[in-house]
Each structure stands twice: as C-alpha cells, then as structure tokens.
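Undergrad: Take a look at the letters that make up each chain.
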Amino acid sequence: MLAELLQYLLSGLTIGAIYALAGLGFSIIYNASHVINFAQGEFIMIGGMASATLTASGVPLPLAILIGCGGAMLVGVAVAKFAVERARKASTVTLIIITIGASIFLRGVAELVWGKDFKRLDAFSGETPIQLFGASLQPQSLWVMGCAGVLIVAIGLFFNKTLTGKAMLATSHNRLAAQLVGIDVKRVVLASFALSAALGAVGGAVVAPITFSYTEMGIMLGLKGFTAAVLGGLGHGPGAVAGGLIVGVAEALGAGYLSSAYKDAVAFVIILAVLLFMPNGLFGKRGTERV
Amino acid sequence: MRIRLLSTMAAVVGLTLGAVAGSATAADPIKVGAIVSATGPASFLGDPEKKVLELYADRINQAGGVAGRPVQLTVYDDGGAADKAASFTKRLIESDKVDVIVGGTTTATTMAAAPLVERGEVPFISLAGAVVIVEPVKKWVFKTPHTDRMAAEKVMDDLKKRGLTKLALVSEDSGFGKSGREQTLAVAKERGIELVADETYGAKDTDVTAQLTKIRNNPAAQAVLVFGLGQGPAVVTKNYRQLVINLPLYQSHGVASKEYIRLAGGAAEGVRLPAAGLVVASQLPDSDPQKKVVVEFTKVYEEAFSVEVSTFAGHAYDGLMIALDAVKRAGGTDKAKLRDAIEQTKGYVGTGGTVTMSAKDHMGLTLDAFHMVEVKQGDWTLAK
Chain A
67 MLAELLQYLL SGLTIGAIYA LAGLGFSIIY NASHVINFAQ GEFIMIGGMA
117 SATLTASGVP LPLAILIGCG GAMLVGVAVA KFAVERARKA STVTLIIITI
167 GASIFLRGVA ELVWGKDFKR LDAFSGETPI QLFGASLQPQ SLWVMGCAGV
217 LIVAIGLFFN KTLTGKAMLA TSHNRLAAQL VGIDVKRVVL ASFALSAALG
267 AVGGAVVAPI TFSYTEMGIM LGLKGFTAAV LGGLGHGPGA VAGGLIVGVA
317 EALGAGYLSS AYKDAVAFVI ILAVLLFMPN GLFGKRGTER V
Chain B
94 MRIRLLSTMA AVVGLTLGAV AGSATAADPI KVGAIVSATG PASFLGDPEK
144 KVLELYADRI NQAGGVAGRP VQLTVYDDGG AADKAASFTK RLIESDKVDV
194 IVGGTTTATT MAAAPLVERG EVPFISLAGA VVIVEPVKKW VFKTPHTDRM
244 AAEKVMDDLK KRGLTKLALV SEDSGFGKSG REQTLAVAKE RGIELVADET
294 YGAKDTDVTA QLTKIRNNPA AQAVLVFGLG QGPAVVTKNY RQLVINLPLY
344 QSHGVASKEY IRLAGGAAEG VRLPAAGLVV ASQLPDSDPQ KKVVVEFTKV
394 YEEAFSVEVS TFAGHAYDGL MIALDAVKRA GGTDKAKLRD AIEQTKGYVG
444 TGGTVTMSAK DHMGLTLDAF HMVEVKQGDW TLAK
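Chains as they are written, first to last, in the numbering used here: chain A, 67 to 357; chain B, 94 to 477.
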C-alpha cells in the first residue's frame, strides 16, 4: 500500500521536475516581457533532440547537452528578436499567438532537420533500478530531479545576487522605471528568452532517456509547464516550481488511483480550477497590481 | 434538371468510353491507385508502404509489366486523416479511374474509404489491421495484414502452452489499441483465459509506471500483454523492467519492427510477440514455403532503401502482388472480374503468410501465418 503510494510519488516528482523547469521558463519570460511563450515546449524538444542525435553520432554527452543548450538559446533569442520584439506594440493575445506560430514553425524545422522518428538517448548512469521501500526508481529519475534542483537554485541565486539578475527583476516590477534607471529593457527580454531556452533544453536532455525524444515531445510538456506556471502564479518563480511538482504528482496519483485514461485530464482540470477560483495562482499576488 | 440530364449523359459516355478503352489495346496501363499515410502519426507504417509500392511498380515495369501491360501507380498521401483518405479515394475512383486501389494504412482511413469503393465498385485491398475491415465481409474490400484477433489468439495459445491462465492487459488509447483490447477480451473468454487487469495508457504517454505498479501489486497476474503501436509499447517495456516485474511480457504484432527493439534497448530482452515470417526471414526453416519470398523481399527492400525491412512494407507488397496476380487471372482489368479473381486468390505466398481467400474470408490468412518470436540479444528469434 505504502510502496504503491511511494511509487506514484516518485513517478510524479520525476515528471514534475520537468514541468517545474518548463514552468520556470514561462515565468521568467512572462516577467521580462509579459509574453506567455508557448514555444517553451519546443526549447525542451530542441534540448532532447540535439543531445540524442549528437550522442548517437559520437559526441560526448556533456558536450552534446551544451551544444543543444546553446542551440536552444540562439533559437530563443531569435524568437524574441524576430517574432516577439517586432510586435512589441501588439496586444498580449497577439503576442501569445505569435509564440504559438513560432512553436509550430520550430516543430516543422525540427522535423526537417531530425526526421519524424523517435530518438533514443542512453540513460546517464545505467538502467539498474534502485529499490526504495518497495518502490523502484530509475537512476535517470535522480538525474532529472537533481538537475532540476540545481538549476532552480542557480536561477534563484542569479536573480537575487547578480546585477543582471536584479536588472531583470527590476524590469518585471516596473518596465518604465527600470528603463529610466538605465536598464536596457530590450536586452533583458532577449536574456530572458535565452535563459528560459537554456532551462528547457537541459530539461529536455535529462528527460530524453525516460521519454525518448521526438519533434512533438514539447507540446504536452509545454502545456503542462504552462499549467505549472499558472498554478504557482504567473511570474512567480518558486510558485512555478511548486506548481510543476504538484501537477506531476497529481497526474501520477490520478493515473494510479482513478484511471490512467484521465492522466492528462488531471493537469487541465487543475488549470481550469485555478483560472476560475484563484486566477492569481497559489503564490502570485502581484498579478492584481499589474492589470 | 437539364444539368442532371447532361451529367447523366456524360457519365454514360464516360462509362462507354471507359469500357471501350478497357478492352482496347493490350498496352493500356493497369491503373493501380493507392492511399497511404506517408506523413502524420502513422508515417512509420505509411512511409515504407509508399516506398514499396513505388519500388515494385518500377521493377515490374522494367521487367515488361503484367501480361504485357505496364503498371501505372497513383499514390496519394492522406497524412493519416480519415477525411482526406475519403476524398482521395473519391478522386482515385472518379477522376483517375483506377482499376484497383491498394491502401488505407490505418483502420480509420480504410473504413473511411470502404463505403466509397463499395459504391464505386472498385476492388480495394487494405493494409490495415483491425478485424472490422473484413468482418462482416464487404463485397469489394480485402486486406493483407493479420488481424488483432489473430494476434490475441496466438498470444493466448502461447500462454496455454506455458500453463498460464491469468493475463493482465495493458492497451493503448488509440484505434489499434482499442480494437485490440476488444478482441483480447473476446478471445480470452473463448479460450478460458482470465483477464485479471485491464489498464490503458495514452499513445503519447511518457510514463506508465502507475498502471504497471497496479499490475505488479496484483497477485493474480501471471503474464502481461501490451496492445499498442509506435513508441508507447517501448515506454511500457522500459517501465516494466524498471519496476522489476518478473512476469512474462507479451506485445502485439504492432511492434514487429526493429524500431521497437532499438527504442526499448535492453528492456526488450525476453519479450514475446506474434509476428509475420518476414521479421525472422533468415531463421525460417528451408522447408517453410514463405522463406524464399521473404528473404528475396528483404534483400530487394534493404538494397533499395538501406533501412531494415518492416512488416508494414510487406503488407503493401502483398497488396500489390495479390492485385496484379488477380489481373493476370482475370485476363484484364474488368472490375467485376478482377474482384472475383482477388476473392479466388489461392495459395499466394506473401510476406504475411499463405493467402487463400474465399467469399467468406477476404483476408485469407490462418493462424499459421503468425510466428511467436522472442527478443534475444537485440534481435528477433523464433520462440519455441
């Protein structure tokens, strides 16, 4: 009984960690530009596909992840520069639609570059399951949770301890004031896209051995990440992380105790409930000031 | 009124012309139409099918065609969408005026095309799996692949041989998986196998551990059968090993391509599934009538495309060959005669098995056409 629950929790936390990274990506971009970037899932896909295909052609894994990360950052900056920035004066809805368009475009390009089939990436440290109080855990799950944890802490430090990070925070609080004190707001937006892309790409690379990578892997992961971000309160970093873990665990418990047919529905029921009953999410209070 | 009259007249003229053209000269091409899902979610099935049709149409034409007539192939890609399959079928019948249609990669696209070919009275050989395509028998509809019912039967027979009677089922939430689930439930009842678990997963799920944990904690389960296509079964296989479930694991014929072993990696070791002779071509005993055909087909396919042959490619080959064989026997491309000739196909040895059709059986394969194979050291081997 307990072992069963533990098994569900472990599955939920593993996938939840990826949702958390995606959710964090949504929040960072939202803070810097008020854009909800629906191409976030595609950054995950780029990371997963690049690391899987590069390692298959003999590139060492860490280098492959770095290249994937760099590639995703370039793509992120390009999306910001050529799609979002050009429509700076458009309404939020238009901007969101632009990012959806960008995500479809990226998927199409990825299909041309990498093909339609599924790519396999070997687990980083073997596939011998670890037994834990009757539940079993893939070593790769530890990698996923560990990487997500390190990245989340690093992002926290970046925002609170470095000047660039503080500049980005300042922009999110008041764009005009930030501009007046000499912060290059345009560069902040670019940086936020690059940062979110990097987060997504690393997430994609560490999760690829579990999920396989393919050009459409980002769609669902992106939507779940969005759910995580909304649940935590859009723009609230720690909230997005908590949201991701909650969505992941709720899904696993739903599949385990209710029916596996409703697994994806769980996340979307959560998002509907949040939007209806607490539009600011679990932690977000600032949202009201912004309107 | 006037317009209707005109179009009726046009149709009559067209028909007459068609009939005249049909019997005119021997060098008239045999028009073979095809609808396949070369792109979209079923592309891993449809893409090899399209390649095979084009490759063999070319090869046959270079060898002088069929009864001195070249084969003219028209292929449309429906992208896996049933509505597109229907409109392409209409186009094949009405504007391309084909003699026979091969295709319908998936059960959904096939079922969309079926009423149109019935109305248009054009012989149609489907490449999709589900048993509903040929049961009940439709006059103009045939199919080449084994059915999901046969797969379920083969698995249950193997269970019985091993003395196992309690099966846990994990099926995919897709057309193939759902139909497979229904057939498994029906066959289990017939053969006295008790289903102790009935779980499902989404076609794009990346984690099935929750469902498998339930099965692991079910003391009654003696074996597990997975019914799915594409990457889902590979995810299930990996999760299965991750949870250290030690029951025998069965998959359906839906994963009978090397892609599955590649994706699942070491986790696929020991998995059993029913598959056509094609995947174990070189291991078949020389006495097997299929051996020559499948070895030859494998050689031609792999030389032409430098990728490993898949059973789906074989289905398309069988479809085309059965159609052209029937053209020979019918002495032309008169559609009614051609249909009768397809129905009278007898002892055709193809990649899927030996095909003997009848008025009641528009697929013509028996359970012997399936071999129980087991994954050993990253390759298929004939299970004992």
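Hints in this document: simulated from the structure, not taken from any laboratory. Check each hint, because a few of them may be wrong.
If you want a taste of the chain B side facing chain A, the calculated C-beta under 8 Å gives, among others [unchecked claim]: (1) 299; (2) 396; (3) 398; (4) 399.
Within a straight-line C-alpha distance of at most 30 Å, the following computed DSSO-like cross-link-like pairs (lysine-lysine) qualify [what the hints assert, rightly or not]: (5) A/182 - B/469; (6) B/351 - B/297; (7) A/182 - B/351; (8) A/182 - B/259; (9) A/182 - B/254; (10) A/182 - B/297.
Here the structure is a predicted model, which means the values were calculated and not measured. In this text, a Cβ means the ideal position worked out from N, Cα and C, and glycines have one as well.
Undergrad: A separate judgement is required for each hint: does it hold in the structure or not?
TA: Quick rundown of the hints versus the structure:
Hint status for residue 299 of chain B relative to chain A: holds, with the closest Cβ pair at about 4 Å, below 8 Å. The interface hint given for residue 396 of chain B is violated, since its Cβ lies 21 Å from the closest Cβ of chain A, which is over the 8 Å cut-off. Checking residue 398 of chain B against chain A: minimum C-beta separation of about 14 Å lies over 8 Å; hint violated. Contact between residue 399 of chain B and chain A, as hinted, is not supported at the beta carbon level, the nearest pair being about 14 Å apart and thus beyond 8 Å.
As the CA atoms of residue 182 of chain A and residue 469 of chain B are separated by approximately 27 Å, the hinted pair is consistent with the 30 Å bound. For a cut-off of 30 Å, the pair hint linking residue 351 of chain B to residue 297 of chain B stands: about 20 Å separates their Cα positions. Restraint check: the Cα-Cα separation between residue 182 of chain A and residue 351 of chain B comes to about 16 Å, which is no more than 30 Å; the hinted pair holds. For the suggested pair residue 182 of chain A and residue 259 of chain B, the alpha carbons sit about 38 Å apart, so the restraint of at most 30 Å is broken.
Of the supplied pair hints, the one linking residue 182 of chain A and residue 254 of chain B is violated, its CA atoms being roughly 40 Å apart against a limit of 30 Å. Restraint check: the Cα-Cα separation between residue 182 of chain A and residue 297 of chain B comes to about 14 Å, which is no more than 30 Å; the hinted pair holds.
In summary, the numbered hints that this structure violates are 2, 3, 4, 8, 9.
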